Structures are given as structure tokens and as C-alpha cells.
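K.L.:
Sequence:
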Amino acid sequence: MTIEEEKKDNSDTGVETIDNNSCCSANMMQGGEAWEGNSISLRNRRDNRKAKSIPALRLRRTPQKSFIDDDEEHGGSQFLSPKTAASVETTEDPIKDDSNMDDSKEEDDVIQEEALPPNIFSLMFVSDFNSRAYLYATCVFFVQAVVVFAALLNSFDMNAEGNNPANIPAGVPNAVTIAQAAMIPVAVASQNDFISAVVRLNDRIFENIVDIDPLHLSSTFCKWLMSSVSQLLVGCGILCVSFLFMMQSDSVFQVLINIVALFAISNISTNAFTMASRGFLGYNIWKDTLKVTKHKVKRKYDDTANGQWFIQMLYLLCILAFYLGFGYILHRQRTGYFLCHSVFIQFDDAFDVSLPYRSGVYTITDEKIANRFVYADAVTGTSFILGYCDENTAWGLARASSRDPCADSILSQRTFSFDVMTTGQVPWRVRSQRDNSMVDTSSFLMQCVDCDTSSCELHRGTCINNQCVCHDGRYGINCEFRRPCQTLVLNSNRGSFPPIVSLVNENYVVLDDTYQLLEGENGTIVTSYHRPVYYSEGYKFLLTFSGRRWIIVSPRLWLETGGAQEPLSIASDFTEEVDAQDSSPEDSLRVYLLALFTTEHMYRFLTDPLLQQFTNSEAVEIGSPLDQGSPIGLRWLALRAVRSANRPVFILDNYDTFDVSFICNFCQDDINDCQNLGVCNSVTETCDCRNSTAGFPLHNGALCERALTCNDVRQDYGDILPTGCVGGFVCQSDGFCDCNKIYPNAGTFCQFLPCSDPAMKEIYPPDGCDNDGICNNATGSCICEVDFFEGQHCQNAVLGCHEPASQRLYPPNGCDNNGICNSDTGFCECDSDQFWGRFCQRSQRRCDSRLMQGIYPPSGCANNGTCNEETGVCECPYEGVFEGQFCEITYLPCDNSTVVAIFPGGCANNGICNQSSGSCICDDPLQETYSYSGKYCQDVIFNIT
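Numbering (our numbering), first residue to last: 1 to 945.
Any given hint could turn out to be false.
As the list claims (entries may be wrong) - Lysine-lysine pairs mimicking DSBU-like chemistry, simulated, CA-CA at most 30 Å apart:
1. Lys223 x Lys294
2. Lys223 x Lys287
3. Lys296 x Lys223
4. Lys741 x Lys761
Said to hold, decoys possible - Pairwise CB distance ranges, derived in the manner of DEER restraints:
5. Val260 x Asp435: 47 to 53 Å
6. Thr487 x Thr415: 35 to 41 Å
7. Tyr337 x Ser455: 19 to 25 Å
8. Gly880 x Asp673: 47 to 53 Å
Keep in mind that the hints were calculated from the coordinates and are not lab data. Only a predicted model underlies this, so the values are computations on that prediction, with no experimental measurement involved. Ideal placement from N, C-alpha and C gives every residue a C-beta, glycine not left out.
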């Protein structure tokens, strides 16, 4: 537009053009005429350099024109721009002729008027704060910001293990890398919110708006700043999302889809403005959209400032930043940074019994197959490899000698992934030994076991070469187990292994019951698949872990059959040294076994067809509750052996189990406590089993786990109990005394006879209780007077409250009823006078005490007695029949005349008197709600369900 055309256009609107076409003059209306010679000076908003270049101006009178008419005619008021207003001088000097200067300036500067961008950020700028258009633009901005923020959150997994929270693929095909590199300029160009916002801020577009109201200058500046910053924030977010989306793509198609998605996100503001400008959101918002199209921006282009070079440089800087990040991530992918460096694998044995032997930890190597990294077993590095099988488009595991992951037909499901860990979510495929077909494994486990410094140090280990190296006394992949038990023995409460047929000589073999921990020269723990190895006397049998199950094998029998001919050379250096020292055959065999389990020949030894497995434990999945780092407590299964192609094949029989289990021969209070109230000797680490009152132990075994029978007592402690039974009862063939026929709960040796039994009264005269206890005829147990003793007959000395057995009885500190344990005396300090006893477990011996009401509910009196709360003594019914402080004593038989006088026939409630026992046989009322009990069937028991 020329100067003359601009003057003509301005004259039509009633505004006089000012020299040099600097800006439009605003007419201040008052009394129908514009003020002449006065304008609003904004000189304080201009710098001195610009102020000196603006000539003095004079405003002429113009016809009166209202803002409302102009707004209706042009879609917005004609305002004075701040740049022009700041340059207007209130002077009456004639306008100076600076035409020569202006002509020379126009030769260097090109000034153009441009429309505001059609988006919600421009609508936010031109609309009023309290208008619907501004509210709509603000809501659209928040929606777009939330979408961008949600996309950023979705791109990160803050709970992800390892060093890849951004979920960058561990590797991508070359075609994807090329597509990513090619789409970087497109991704930057597909959205211009960031560049447009920076340009607006740099060019100070606010000061170049043609139409602006000087009376509302501050609010207009605020809207301009808010709209620019909002657009800048959205632009930055979209740039970050676009980079992450591209780098997270693992296929060309995904790269293209992500670009399309980002293009849709970046155009939310433009599409929202288009909807408003077409009237979909109402007249008021539509009217404000017209202001965006009417407002003009005056932009000056020259060779030194505000030129296109700034936009070009900004665009190139964005692309350069993208390529730098792209190169950094590509380098990380090529070096395996995003990969798990130590992978643990565990196979099952449902289709191939030798498959679990390939379980274990595999560490990454520098070798690549099919552009993917290869893993080698961590024990030897030369037994197996884990790599990508390009032929089957799957990851595979094979012998290292083949260097072909496809060779052994142990494959993952079909995948193109560069990360082997992505295959661990579904079962792998193996070739079945039954029909040679490819089948899915029934159980498969894959874990990343990269050494975590905090976890390793917590378990007393040190991370060395990405592996947790255990300190003395620890073992396991992450040193998660404490030092293993030195000696394992069979639980004597169950028995021993039955004889098993040997496939070598078809003779029966009897497995040993005791196994010692195999240790190296410096006391190091010898392990198999990160679990300890045990041996029996003379190294006749080995108890070792095979990757999924514990097995018992015979290395001596294996050597006798020639199984060691090939790998014998691995121990030649050791055997020569042993032979030179004229050592025993056991020492030579020990050295040989140490060499086996520290070299690659361990797998060949365990899978040798001549090495017979005599029994296997139940399956142990790593990390499951059964995995305690040892075979303690596991079930043991029988093996059915058949010959196939002149070699034995062992088939697990999960239905035929041996009734045996291993326990540790040494006790520790915190991890391997004694059973049946045995006490662990901290010096010898052996259990002292609790003795009976007669002086012999009630249990035996390593942990006091086996209860003695009366036959054991008669054989080993005949000098104490010649018959093996208390009270002269007879020991039966089943190991129980015949007193149990009369008293079902009398115990193996009749040691739990009721205190009212004559045999007990002979042992503990006069009333069947020891240590001043009082016999309770109703329960058959004694009420112990002194807290130093307890038991049915008060025959056992009570332990201190600080001892583990007491703390198990009264957790957590060994005291009942809020008592406080005094570890010096072993007595509890009771909370109040209501409680007493060593553990504060007793209340005062009164019928209204909690103790007696628990024994004789609900009143504290037996046989329907009534509690006298003043004396604490029960008032017994039927004088002469019941006596004692709690009416608990009933001496008279049911056929006694006194009893018959009270209960017809000697029994209440239709009971029948048994004259041989002196007690009544109670009638069954055929009711579920109540029944009868007591010596005379005098008590009614209500069955509450």
C-alpha cells in the first residue's frame, strides 16, 4: 500500500494521516470535537534513540465519530498504537519537512502489515478479559496443555527398573533409524507454536499492533504477554513430546503414526479457532474472531534486525537439538546401554528333563548376531549362549560351541525385539522328547538381575562387573541368603529314603541321611546354580541344585562306570598335587569335585547319561516361598528310569513321594529354632531337648523334632521306666502306653494322666500335683501355686520371660497383661495388683477372678456352685457331694446313697450310672442346642454356633 493510498483510506474513516506514515492518530472525543494540539504522550515507553527520530506532530480537527459506529463498521475500534502515541508531541510548532530523511529510510526498510495468526492465542489477545471469547480461548489452551502434559507423562515410566524411564527401545532396525532421522525436520516444521511465540516476543508485536486503545494499554499488554507465554509453553511441550514419540518408535509405521498424532495435537488451537470463526460457538465469540482478522501487525524487515534470518536460525537450532539428542540415543542403543546386562533364566522339565540345567545367569558380551547382542552363561562363559535366531525370528539358547542360537530348538515366541527381556512375559518353545514337536514350556521365568548397589550392599555384597559378589557368610544371585547350614540331616520324625535300584549294576542303593556343606580351600561356599552343594560321608553322594530341583547323585559310582574319562583332565593339576602328598581317595575325590563345580564341566557332569539321579525334590521356582536357598523342608519325589537308545531316561513321578525331609542339624534362635520347647545351646548350636519329670527327654533329633515312643524309653531309659510307661502301664507295639485306652489324652508314656488318677498321686503325693500345686478334678490338671513351675502336674520349671520360648508364649516381650519383663530376674513386673505370676498371667485365686472364671465359666465355680464375692470361695450345692474352694472335687461314686438321694438313680438328666467307674453316662437329648456333662450329668452345656 502506497502512502497516498493509505492517506486516502484513512481519510475515509475520518482520521488524518500523519507525515511519514508512522502510525494512525487517535482522536480524543469531547463535546463533539476532537482536541487539537493535544495527544497522550507515551514517551516514557520509548527509548531515547527512537524518540529522537520522531518529528513533532500536530493533530487536526476531524469530524466527530463514535467508537461504536466504527466497531460496527470495521469489526473493532480504531485505536492509537502505543508506538505512535509515544512519539506524538504536544506542540504548536509547524510540521517540519523531513521528506528527504523519510525517503532515504524507506529505501532501507520495508514495512508490511500482517494479520494476526488465526488461533486461540490471537483470540486471547484481542478479546476482553470478561468476554466469552477470552474464556473459550483460555479453556482451549488448558485442554491443549493437558493433552501435551498427559503425553509427556505417558512417555515416562518412573517406576521402571534400570536406566530407561523414557522407554526408549533397546535397539531398532536400520530402516527405523533412517525414518527417524528423515522425520526430524518434518516434526519440527509440523508445529510452529514454539517458533511463532518466540518471534512474537522478539519482534515486540504488541508495540506494532495498528489498532490499540491507549486508555487500556496495560490490560492489552497483559493479554499479549499471557497469550505469547501460553503459546510458548505449548510449543515447548509439543517439541519434547515429538522427540520422545519418535525415539520411542520401533517401526517405520509407528514413526509415521506418531508424527500424525503430534500434528493433530499442535493444531488444536487452530482448529478451535476455526470452529469459533464459523459460528459454531455463538455470535459473541464469532464477533470477537473478526477482530483477529481485522487487527493488523506492522512489521519492519531490513538487513540488520527483525528479519527472516532469526526465524531461520531458530528453526535450524531446533533441528540441530533434535539431531544431537537423536545421535546420543542412537549411540546408547548401539552400545547396549538400555539392555539388561545380566539375565536370569529358569526352565521347567515337563518336556525335557535336561532343560533346567541350562538355567542360570547370562551376561551380555560384545558379540552380536543379527545386529543384536549375545549373552553367555555367567559361570563359565563357554557353555551356552543366548542370542537372536534370525532364521526363526526369535531369541534362542544353544551350546556355545555351535555359535548358532537356532541350533538346539530352544526358542522364544516370534519377535523382532532387540531386547531379550521382552520375551520373558510368555513361555518359550522347546522340542519335546516324547514326539519331537515344538511345545510351549509349562513354566518359564526370566528376570533382570543387574547388580543394584543398594540392594547388594544391604545383603552384604559388593557390585563388581555388574554382579553382586557376596562377602563371607552370604550366597545367592544377590547375596540374599545367609550362610547355609553346615550339616543337613533327615527329619527323624519321618524316616529315611527307601532302597533305590541302581541302573549301573542293578543293585539296591541306600542313600545316606547326613550331608555336609562342600567348601573350598579358603572356606568359600561351593555352589551349583547359586545354591550350596552338600556331600555325604566319603563323598559317596552329592546333594546339589540342578537349576529347578535339588537332586541326589553318586559321583563315586559315576567314576567307577567311566563317566570321568573325558573331563578328568580338568583336575589333573589338583590330582597330581594330591597324589604327591599321598592323600586318601576321599581327598582326591574332593579335589576333583571342586574342579568340576568351578569350571564349564559342571553342566557335562550333571547331564552325563552315566550319572544316575536317585531322587529329585519338588520343583523350586526362584523367588517363590519354596526357594529358601537350601533343600530344607522340601518334598522328595521318586524317579522312574527307562532306557532309550541305550541311555537311561528319568521320568519324574509326582504322585509317588518319599515321606522324608531335610532339616538343619544346627540350631539358631533367629532362623532355625529348636522344636517342642527345646533350648538352643548358643555355644554348640545344638538343641537341648526338654526332659520329662521322670528324667528322660520327651523328644530327640537334631531340633528335638521327633517324639520318643514308650519303646524308645524302655530301650534307652529302662533304668528310669522299665516298662516305658508311668504308673506301671504297659507299652504297646504302636509305641503308646495302654493308659490311653482309659484316658485318651494321657500321652505316650502316660505322662499326662489326670492328677486325680492314683498313679499320679503316687508320683506326686498327695493329690497328684508337684510343687504344691492343687489338683483340678474337672480338668485333670493342677493349678500351680508357685510361678516357678507349670505343666499338667506343675512339674516343669518355668523359663524366664526374656527367653524365646516365653516370648513365643506371651508375645512380644514374654509378659501377659501388659507386664514388663525384667531380663535380670526373668520375672515380669505386673501392671497392677490384680495380676501376678512370673508372666503376670495369673489373677488372684478367687472365684470372682478372671483366672477361675476362665477355668469354671461363667461364675468361677464348678458343678453349679455359687461364687461368694466377699470370701472368694464357692458355695457348693448338694452338701456332701461337691467340695473344694471351687466345688471342683467329687469323690462320691454315682451309686453312693448320698448321690442317689439327690439324683434319682445316681444321675441327673436321665443319665445312667456306671458302677465300675463311678461316673454317669450322660443321655444324648438329640438336640443341637444343648447337651449334658459332669460326673453326674448335672451340667447343661449350651452349644452356641
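K.L.:
Please go over all the hints and tell whether each is borne out by the structure.
P.N.:
Now the hints, each set against the structure:
1. Lys223 x Lys294: holds, 17 Å
2. Lys223 x Lys287: holds, 18 Å
3. Lys296 x Lys223: The given pair, whose Cα atoms are some 16 Å apart, holds under the 30 Å limit.
4. Lys741 x Lys761: holds, 19 Å
5. Val260 x Asp435: 47 to 53 Å: holds, 49 Å
6. Thr487 x Thr415: 35 to 41 Å: 47 Å Cβ-Cβ, so the 35 to 41 Å window is violated.
7. Tyr337 x Ser455: 19 to 25 Å: holds, 21 Å
8. Gly880 x Asp673: 47 to 53 Å: holds, 52 Å
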